[in-house]
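Letter by letter, the chains look like this.
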Amino acid sequence: MKQRITIDPITRIEGHLRVDVQLDGGAVSDAWVSATMFRGLETILRGRDPREAWLIAQRICGVCTTVHAIASVRAVEDALKLPIPPNAQFIRNLILILHALRDHAVHFYQLSALDWVDVEQAAKADPARAASLSESHASWTRNSSTEMRAARNRLAAHLTSGQMGLFANGYWGHPQMHLEPAASLAILSHYMQAFEFHRKASQVVAMLGGKTPHIQNLTVGGVANAINLDGESALGMESLESMRALIDEVTEFIREVYFADACLVAGSYPEWFDIGKGMDLYLSVPDLPNGSAANGFDLPGGSIHGFDAAPHSVPHSQASFQDAVSEDTVHAYYHGADALPPWRGETIPELATWDEEKKYSWVKAARYHGQPAEVGPLAAVLIGYDQGHALTRKWTSIALERVSSVAGRRIGLSHLRSTMGRHLARAIRAAMLAELASKHWRRLFENLSRGDVATHNEPHMPTGEIRGVGLHEAPRGALSHWVVIDKGMTRNYQAVVPSTWNASPRDKSGVRGPYEEALVGTPIADPERPLEVLRTIHSFDPCMACACHAFDAAGRPITTVKVL
Amino acid sequence: MKPILIAGIGNVLRGDDGFGPLAVQTLAARHNFGPEIEIADLGTPGLELAGFLSCRRAVLLIDCICAEEPAGTTRIFNREDILAQQVPARSGSHEPSIAEALFALQLAGCAPAIVTLIGVAGHSFKFGDAMSDALLRAVDPTMELACDWLAQLKDTLPLN
Chain B
0 MKQRITIDPI
10 TRIEGHLRVD
20 VQLDGGAVSD
30 AWVSATMFRG
40 LETILRGRDP
50 REAWLIAQRI
60 CGVCTTVHAI
70 ASVRAVEDAL
80 KLPIPPNAQF
90 IRNLILILHA
100 LRDHAVHFYQ
110 LSALDWVDVE
120 QAAKADPARA
130 ASLSESHASW
140 TRNSSTEMRA
150 ARNRLAAHLT
160 SGQMGLFANG
170 YWGHPQMHLE
180 PAASLAILSH
190 YMQAFEFHRK
200 ASQVVAMLGG
210 KTPHIQNLTV
220 GGVANAINLD
230 GESALGMESL
240 ESMRALIDEV
250 TEFIREVYFA
260 DACLVAGSYP
270 EWFDIGKGMD
280 LYLSVPDLPN
290 GSAANGFDLP
300 GGSIHGFDAA
310 PHSVPHSQAS
320 FQDAVSEDTV
330 HAYYHGADAL
340 PPWRGETIPE
350 LATWDEEKKY
360 SWVKAARYHG
370 QPAEVGPLAA
380 VLIGYDQGHA
390 LTRKWTSIAL
400 ERVSSVAGRR
410 IGLSHLRSTM
420 GRHLARAIRA
430 AMLAELASKH
440 WRRLFENLSR
450 GDVATHNEPH
460 MPTGEIRGVG
470 LHEAPRGALS
480 HWVVIDKGMT
490 RNYQAVVPST
500 WNASPRDKSG
510 VRGPYEEALV
520 GTPIADPERP
530 LEVLRTIHSF
540 DPCMACACHA
550 FDAAGRPITT
560 VKVL
Chain H
0 MKPILIAGIG
10 NVLRGDDGFG
20 PLAVQTLAAR
30 HNFGPEIEIA
40 DLGTPGLELA
50 GFLSCRRAVL
60 LIDCICAEEP
70 AGTTRIFNRE
80 DILAQQVPAR
90 SGSHEPSIAE
100 ALFALQLAGC
110 APAIVTLIGV
120 AGHSFKFGDA
130 MSDALLRAVD
140 PTMELACDWL
150 AQLKDTLPLN
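Going line by line, the protein sequences match chains B and H. All residue numbers for the first sequence refer to numbering that gives the first Met the number 0, where the first residue is 0 and numbers rise by one. All residue numbers for the second sequence refer to numbering that gives the first Met the number 0, where the first residue is 0 and numbers rise by one.
Keep in mind that the hints were calculated from the coordinates and are not lab data. The beta-carbon is built from N, C-alpha and C at its ideal position, and this holds for glycine as well. Be aware that a few hints might be false.
Some chain B residues close to chain H (C-beta under 7 angstroms, calculated; not the full set) [to be verified]: (1) R153; (2) L165; (3) P212.
Result set (SDA-like, lysine to any residue): computed pairs, CA atoms no more than 25 angstroms apart in a straight line [stated by the list, open to error]: (4) K153(H) to N31(H); (5) K210(B) to D80(H); (6) K393(B) to Y367(B); (7) K1(H) to A205(B); (8) K199(B) to A39(H).
Throw the hints in and build the complete structure from the sequences for me.
Following this line, the structure appears as structure tokens:
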């Protein structure tokens, strides 16, 4: 029997997303993903000084502020062919890493854990069992049965208060919720502890960036941090030492709590390694420059085509990346039908009613060599692994071994191409990034100790036209900002954000985007409560606030699930 | 971690939505606050808002709302109003909302004891628009409300 389900909006994501799925014989046979918002950043930046673009671009989204600041400043530096000093690289890298670690943990606990954890079961769990279960997976001082009992009591009080709040839209008691109650309690206790971790990670970003959200220390050509090793008000020994202590605490939380919990959930739902596969083209960009052009990057980038046959990874240069990207608006609410490269991109809204055959989304269809590509931690892990990147291989092996031991069956690299694989890949990347935080802190410390305090190279705007692209492997995947500068002014500006790749609608050939493709084949137990759709969409960590932008709405949107 | 937070919320690129950030910047420029008070422009932090509010003693949020009243009208909401979702949120751009952040913090046992929101009715939230005059005129009355809140707080909340 065929059925159509519309979920509008998808809850627990940043921003607004609508999903329509066609059900056939208890599984999804087709899907349409619509972003119901419009973003106008490009229009604001035209005609302005490109040196201030990053300050404006980071206001596009309140969640990924640093991410857009960095990609924007890199785009202008690329146009000017302006290198930045090593200190500036290390300072930016530390900001990026700490932002990403905070972002990944917030996604796991606050935005996606409730897809796998049944809060009503957790409120009845045995605290001693929750403690021993956690302690068997990790070494963390706050895994005691006292902690677990306190968490259970708070949870029970919250559930009986009548104000369901956060838990109002959960699918409790759903047949697909089968995590052991004690494991659910352990994860919810960490959900509560995550706020302290969030503060510590933010503190490092604020110490380097001046404030958070919206860092203030960037400048085209480097950073504007004042450095004085003996001083207290500038970046010096004292602040570096407190930063190191914070990085150590953040690293401990990532490894012993988040990574451990992600492995526990993944191993408890091994069937979700066979659901939500998606595209066979993956894309990531290199990041964390290592001091000089000759030293390259600490995180590799590239693309993998045709993974099913034999993984074949192409480490793209920036030039080949630039030539491969286009955006098509055949099914998006914009004027124009040609697939345009971002430098020539247009953002002219063309209002239309939702029509799956015509236009149905505010997200453009981003394409790589004309093909839809999945971006994000999964892409980065598959590409890094294939290229033999040691740190990727190390943490992927640890994760797969742990998950296999919980699941009682072998979970291998190819299983990562799935809904659960995206969650696990995010945890793998977080463990890698935590290790790199210490490394880049040390590089900064050593460079400053050697007496190099340079932070900035002066930009000089030519009078003619120049173009640049700024790449950043953001928490949600490959981000690129594209700028055309003419007579010192921004003439065109486009941001191709990770959710543009993943939440892309169909293109002119009718080929589905990654969210849509990943939903196809997903079994749905109860069409009135389509938890499985949420699981796959959440596995991508959608952040629609910058893929598109909000229209005003009086009052709160309530999710409606419409079954036809 | 400073025990008192006065935070502006909103997107400075979207017309009247920039009111919260403008209000706290003005507040910081006009007054000298003690070491126990943090003034912050939080932009549109989504659920990350919870992290910024956790373990504070008292929080005052200044935000632009979608209300029936003329633009620039100020309204005060307390914790119960927020939790009962009586605040007429005006956009989806920082969902999940303030209410959800507070629920999460209550669950975690680290919610602020006092939470107040000054909501200022907005008129236009278009990307790239300037702030409307009515909202610019609301800055001074909002400063007074914030100072009153602080004065009242110091009478009721022992800070040590």
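Cross-check of the supplied hints:
| no. | hint | in the structure |
| --- | --- | --- |
| 1 | R153 | holds (6 angstroms) |
| 2 | L165 | holds (5 angstroms) |
| 3 | P212 | holds (5 angstroms) |
| 4 | K153(H) to N31(H) | holds (15 angstroms) |
| 5 | K210(B) to D80(H) | violated (30 angstroms) |
| 6 | K393(B) to Y367(B) | violated (29 angstroms) |
| 7 | K1(H) to A205(B) | holds (14 angstroms) |
| 8 | K199(B) to A39(H) | holds (17 angstroms) |
In this structure, the earlier hints numbered 5 and 6 are contradicted, and the remaining ones agree with it.
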